[in-house]
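> Okay, here's what each chain looks like letter by letter:
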Amino acid sequence: MIVMAVAAALTALVAVLGMVAVLGSYGRRRTPTTSDFLVASRGVTPTWNASAISSEYISAAAFLGTAGMVLAYGADVLWLPIGAAAGYVLLQAFVTAPLRRSGAYTISDFAEWRLGSRAVRHIVSVCVCFIGWFYLLPQFQGAGVTLRVLTGAPVWVGWAVVVAVVLAIVLSGGMRSITVVQGVQYWVKLVAVAVPAVALLSLWHLDGGDDPTADRLPAFDRATTVRVQAEVAVRVVTSDTVVTVRGELDGRHYDGADVPLPAGRHILGEGSTLVFRAGTPVPHAERLPLQDGHTWAMPFGRSEGHPLFATYSALLGVLLGTMGLPHILMRFYTDRCGRAARRTAAVVPVLLSLFYVFPAVYGALGRLYTPELLMTGDTDATILMLPQRLAPGAAGALLTALVAAGAFAAFISTSCGIVVAIAGTFSQCLWRGGVAAFRVGALLALAVPLTLVTRIGPLGAASLVTLALTVSACSLCPLLVLGIWWRRLTPAGAGAGLVVGGGLAVAAGVAWILGGPWSGWTAAVLAQPAMVIVPIGVAVTIIVSLLTRRHIPRRADRAIARLHLPEEILVR
Amino acid sequence: MSDQRRVVVASPRTHRARRLGDTGSERSWSLAHDLDEQTELGAVYVRTLIRAQLRAALATLTVVAVVIIGLPLLLVLLPALGRSRMHGIPVSWLGLALCIQPIWIAAAARHLRQAERIERDFARLVDRS
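If you're matching them up, the sequences are chains G and A in order.
Once you know that position 147 of the first sequence is 147 in my numbering, the rest is easy, because the numbers rise by one and skip nothing.
Once you know that position 8 of the second sequence is 8 in my numbering, the rest is easy, because the numbers rise by one and skip nothing.
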C-alpha cells in the first residue's frame, strides 16, 4: 500500500512538472522583453486572469493548512475563508480599477508615481520583500511536509524541488508563461480538492458515518501504528493509556515493550514507533487545544483567551491583508484596462468560494480517521493522509495522487507569483528594469527564505501566512486605499504610516513566534495584532499627512483624476 | 431670404466636435484636454465621478462590515444557534462554509454593475457637454 502511495505521489509530481513544462514552453516562443516578463503584455482575459489570481492565492497554506487547522481548532477556522473572499470584494470596490489605471508596473512604482518620492518607494519595496519572504517560507515547509509524508524523503528534497521548478519557470518565460500555468493550476487544485472530498464523503457514509462532532475526545478507531518524525511534547488526559513503543519515550529507550502512559506530559523521541490500541484517546501535541467534538464544532466553543477579539482581529487581518498582497496586486496589471481589472476582481470570490467548500470536509473527516496528526502536530498532512486511510489499495493511491498533484500545484503557483513580485520590485527599484536584473532579483527572492527555513522549526504554515497578511494589512493596504481616494496624502505621511504599521506588525509577529510563552491580552494581541495595529498605522498616516500638508505633491489632483477616469475618456 | 444662411445655434464645444468628425477618439480629445489642463470644468467633472464611485464603494463596504461584524456577534449572543443541527450537520458549519460566500459574490456583482454604470453615465455626461 505504501509503495503504491509513493508511486502515486511521484507520478503526480512528474505530471504537474510536465504540465508546467509544456505550458511554460507555450509562453516561450517569442523573445521576451521586460514588459513581457512583468505583465504578460496585458493580453489576458478577466476570467483567465481571475483563475490565475485565485491560483496564486490558494497557496500551500490554504490547500494543506486550512484542512489541518479545521482538524486542530474546529469551527473557528471557518472565518478565514470568509475574510479572504470579502477581501476581494473590497479590493474590487476600492483598489483594482484605479490601480490598473495608474499604469504602474509594481506597487512600488505606484507609490513613487502617486507621491513623487523615491524614499517612499524604497519603504514600499522593503514591505514587499518582507511580505513575500514570510509568504514563501510556508510554501517551502508545505513542499517539505508533502514529500516527507508521501515518500519518506527528507524535508530538503521538497525545498529543492520548489526552488528548481520556480527558477525554471520564472527565468525562462516570466509572467506570460506563469499566467497560463497559474490559470490551469487553479482548476487542477479545484479538482484535486473536490473529487477526493466527494469520494471520501461517500466512503465515510458507507463506513457507517461516525459523527465527528460527537461528545467525546478524538480516539483511535482501530489499532494504529504511528511513526514520530520529529520530537514532540504531548499531553495525555486518561490514565489507562497503554502503548507499544519502539524507540525513545520520555528519554528512555524501549524495544517493543508495552508501556503505560499516565496522564500528564510526555516526550516522544524522533524516529520512534508507537502502536496504540483501538479506542485509546489520542494524546495531543502540547501546542494544540484538547477539545471534545461538541466544543470543536461550536464557533467560540473554547472559552479560553478572548475569542471574540481573536476572531475580529483575524478577520480584519485576512481581509485587509488580502487587499495589500503585492503578488496579487501585480496580477491586475496584466488586465487590459481598469474595467477588465474590476471584472477580474469580481470573478475571484466565485472561484475562491468554490474551492473553500472542501477543506472543512477534510478537517472533519480527519477527526475520525487521522487523529494521530493531533499528536504528531503534522496537521498540515491531513488532506494527504486521508485517502490512504479511508481507501487502502489502488483507489486510495489514485486519490492520493490527485491530492498530491493539487498540493504541488499549490506551492509552485504561489511561489512563482511571489518570486515574480519580489524580482520585479527589485529590478525596477535598484537597476531600473532589465531582464538580467529581474533574474538576479528572482535568485535573491528564493535565497533569503531558503536560508531561514532551516532555522524556523516546525511552525504551522498557517501562522507564517497570518504574519505575512498582517504585515500587508498594516502597511500596503492603508497606503493603497488612502493613495487612491485621499488627495491630501503626503510622502511623509505615507512613509510614517508604512514604517509604523509595517514595523509594529513585524515586531508583533517576531515576538509571537520567537518570544513567549505569553498569556492573557498580550497573547491575544500578539497572535492577531491587526485590530490594534491597523488603526494606529492609518492614524499615523493621516495625522502626519495633515501636519505636512504643505508638501502635498503638486501632481496630486492630476494623479487622482487619472486613477478614476476611464481610459477611453482620458487620451493622454 | 435667399442670402440668409441657416445658422446652427450650439456651444463652441459642439461646433468643434462636429468639425472634428464623429470618430470617438477625436471627439473626446477636447474633453481630455480640459481634464488634462486642470480647468475648473475638468475638476468639477472629475470630482463628481470620484464622489459617485466613492459612494458606491462605501455602500459595498457597509454590506461587508455588517456581515463581518454582525455574524460573530450573532453566534456569541445566541449560542443555541451554534448548537443547532440540520440533518446531523451543525447549522453554523453550513452557514459559515456555504451561505456567506454567496453574499460576497452578490456584493461583488452588484458593485461591478454600479461602478460600470457610473462610468457609462459619466461618459454620456461628458459627450453631451
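I should point out that these hints are in silico values taken from the structure, not numbers from a laboratory.
Please note: incorrect hints may appear among the correct ones.
[Said to hold, decoys possible] Coverage of chain A stretches by chain G, computed from C-beta distances (three or more under 8 Å per stretch; other residues unrestricted):
hint, stretch
1, 46-59
2, 75-83
3, 97-105
[Unchecked claim] Partial selection, computed: residues in chain A whose CB lies under 8 Å from chain G:
hint, residue
4, 66
5, 70
6, 91
7, 121
Please read all numbers here as calculations on a predicted model, not as lab measurements.
Beta carbons are placed, not taken as given, at the ideal position from N, Cα and C, and that holds for glycine.
> For every hint, state whether the structure bears it out.
Hints, verified against the model:
Counting residues of the stretch 46-59 of chain A whose CB lies closer than 8 Å to any CB of chain G gives 7, which reaches the minimum of 3, so the coverage claim holds. For the stretch 75-83 of chain A, the proposed coverage by chain G is satisfied: 5 residues have a C-beta within less than 8 Å of a C-beta in that chain, meeting the threshold of three. With a cut-off of 8 Å between beta carbons, the stretch 97-105 of chain A has 7 residues touching chain G; three or more are needed, and the interface restraint holds. Evaluation of the residue 66/A hint against chain G yields a violated restraint, the C-beta minimum of about 11 Å exceeding 8 Å.
The interface hint given for residue 70/A is broken, as the beta carbon of that residue sits about 11 Å from the closest beta carbon of chain G, more than 8 Å. Contact between residue 91/A and chain G, as hinted, is not supported at the beta carbon level, the nearest pair being about 10 Å apart and thus beyond 8 Å. With a least beta-carbon distance of about 11 Å to chain G, the hint placing residue 121/A at the interface is violated under the 8 Å criterion.
Consistency note: the structure conflicts with the earlier hints numbered 4, 5, 6, 7.
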